[in-house]
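There are 2 protein chains.
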Amino acid sequence: MSEAKLTILKIGGSVITDKNGELSARTEVINRLAEEIQKANVKNLIIVHGGGSFGHPTAQKYGIKEGLREEAQKVGFAETHHVMTVLNGLVMDSLVWHNIPALSVTPSCCVVTEKGRIKHFEDSVLKMLLKMGFVPVLCGDATLDEKLGFTVLSGDQIVAYLARKFGAGNIVIGVDTDGLYDADPKVAKNAKLYAHLTLSELEKVKEKLGGSTAADVTGGMLGKIAELVPAVEQGIPVAIVNAAKPNRVYKALMGEAVEGTVIEKE
Amino acid sequence: MSEAKLTILKIGGSVITDKNGELSARTEVINRLAEEIQKANVKNLIIVHGGGSFGHPTAQKYGIKEGLREEAQKVGFAETHHVMTVLNGLVMDSLVWHNIPALSVTPSCCVVTEKGRIKHFEDSVLKMLLKMGFVPVLCGDATLDEKLGFTVLSGDQIVAYLARKFGAGNIVIGVDTDGLYDADPKVAKNAKLYAHLTLSELEKVKEKLGGSTAADVTGGMLGKIAELVPAVEQGIPVAIVNAAKPNRVYKALMGEAVEGTVIEKE
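Which chain is which? The protein sequence lines are A and B, in order.
Okay, so the first sequence: first residue is 1 according to this note's numbering, each after it adds one.
Okay, so the second sequence: first residue is 1 according to this note's numbering, each after it adds one.
So here's chain A without its partners, still in its complex pose:
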């Protein structure tokens, strides 16, 4: 592993796809983010992206998250994984086109879960890629599960898992709002943005946080926070920024001051 501490960048599915559509990618946003990632040129970076209107509606249609109950779901499982690789392909296309040595590492090939939680993560290729200076790219995926047969693994769970396992220096979460608010800013006009929250402050305001309204089989904003807390507990700061707005992700990657919410242990 190179000397710089690992940065993990999560790009929300709601940022790079239109969550109200189906299989509807925002390629102009994907290209802008690839440009910001190229410009930031972070050493030791892992990128993880969500499923948005690719993974979620397909997973929902076949009840993939709940596991294997009938034969007919098998093609649904195959389809869910396939549509995620299609979205991942669009992301990879843009990253490689921006001269970023990015390699997709497909979760369904190297992760097996147990009741939805990562149990085995075969990470030797991931480690070699980081050591060689590549940028591994993962995404939410349909994965095999030792108890359920199969399930859905969220990008957020992958982020927190890798951050803890590899002792990441920081996590940047790109979403489609400016950060965490004391009410849903899409509904409440005077919702107030939290610029900084410690874990104990987060605990107090948790139930106020606005949730995602579109189809999200992996739990929206509250699910996201719940996944990330164990990483913060380990001392890894999480910056939540609006990836739908230009330069927010760039600034967060550069460690510059940026509108958003930082969650820290204390």
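These aren't lab readings, by the way, just hints derived from the structure by calculation.
Where a beta carbon is used, it is the ideal one built from N, C-alpha and C, also for glycine.
Please note: incorrect hints may appear among the correct ones.
To be verified - If you want the footprint, here are the derived chain B segments under chain A, 3+ residues with CB under 8 Å:
hint : region
1    : 75-83
2    : 105-114
3    : 117-125
Said to hold, decoys possible - Pairs of lysine to any residue residues, derived as SDA-like cross-links and limited to a Cα-Cα distance of at most 20 Å, are as follows:
hint : chain 1 : residue 1 : chain 2 : residue 2
4    : A       : Lys127    : B       : His120
5    : A       : Lys127    : B       : Leu68
6    : B       : Lys131    : A       : Met128
For this one, chain A is given, so just place chain B on it according to the hints.
Relative to the frame of chain A, chain B by itself:
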């Protein structure tokens, strides 16, 4: 693993792409083959496909097979892997659309080679998929290499490796000629097709066999045969058929008589 013996189907890159073009897929051939695979409905099947005009020209351009020598190749490695996932995506799209529970298993995520030969193959997901009745699909890929940094792994090497490791019952190799000839049938009009060859007969006629003329970084027909011999030595018959002609792959999968070359141990 289910009771039926494993069948491994290789689909040559020259069948599903135009090897004289670049990134030029034959989607109508891919769709026909998906239909034949669906109709044959083989229990316990692994599919492996080659790179054709996707993997080979890109790998050649950056000298990926020869390994990492300079920084600039890293994006070339990323690009080679990416274009293979694009071709794989087209294959997966067609298989899933034909209701085949097919799951891509990306070699670069689970294989590490040493001087181009498979050294580690993390196959636990592959085994689970077979056991559950899924059809794992692999392809030639750009992979990490313990000595070279990275290299190119041919679909043929994957076929022979998996056939031996899982004790396959048979291997079907779909190419763009009718089988093995005593001269290159694309040049010599009166070239004679070998319908059946034992390993000792193969050894005698080897140098006559026609090679592939288009860009193939993994060795063309002779390279293919060399990879497959160790599987045949283990008693696994190999049927080489023309996948560019309708129903040849279907018949081979069904164990029916079909024009082509069968290679057997004795």
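Comparing the hints with the structure gives:
no., hint, verdict
1, 75-83, "holds (count 6)"
2, 105-114, "holds (count 6)"
3, 117-125, "holds (count 4)"
4, A:Lys127 x B:His120, "holds (14 Å)"
5, A:Lys127 x B:Leu68, "holds (17 Å)"
6, B:Lys131 x A:Met128, "violated (30 Å)"
Checked against the numbered hints given earlier, the structure breaks only hint 6 and satisfies all the rest.
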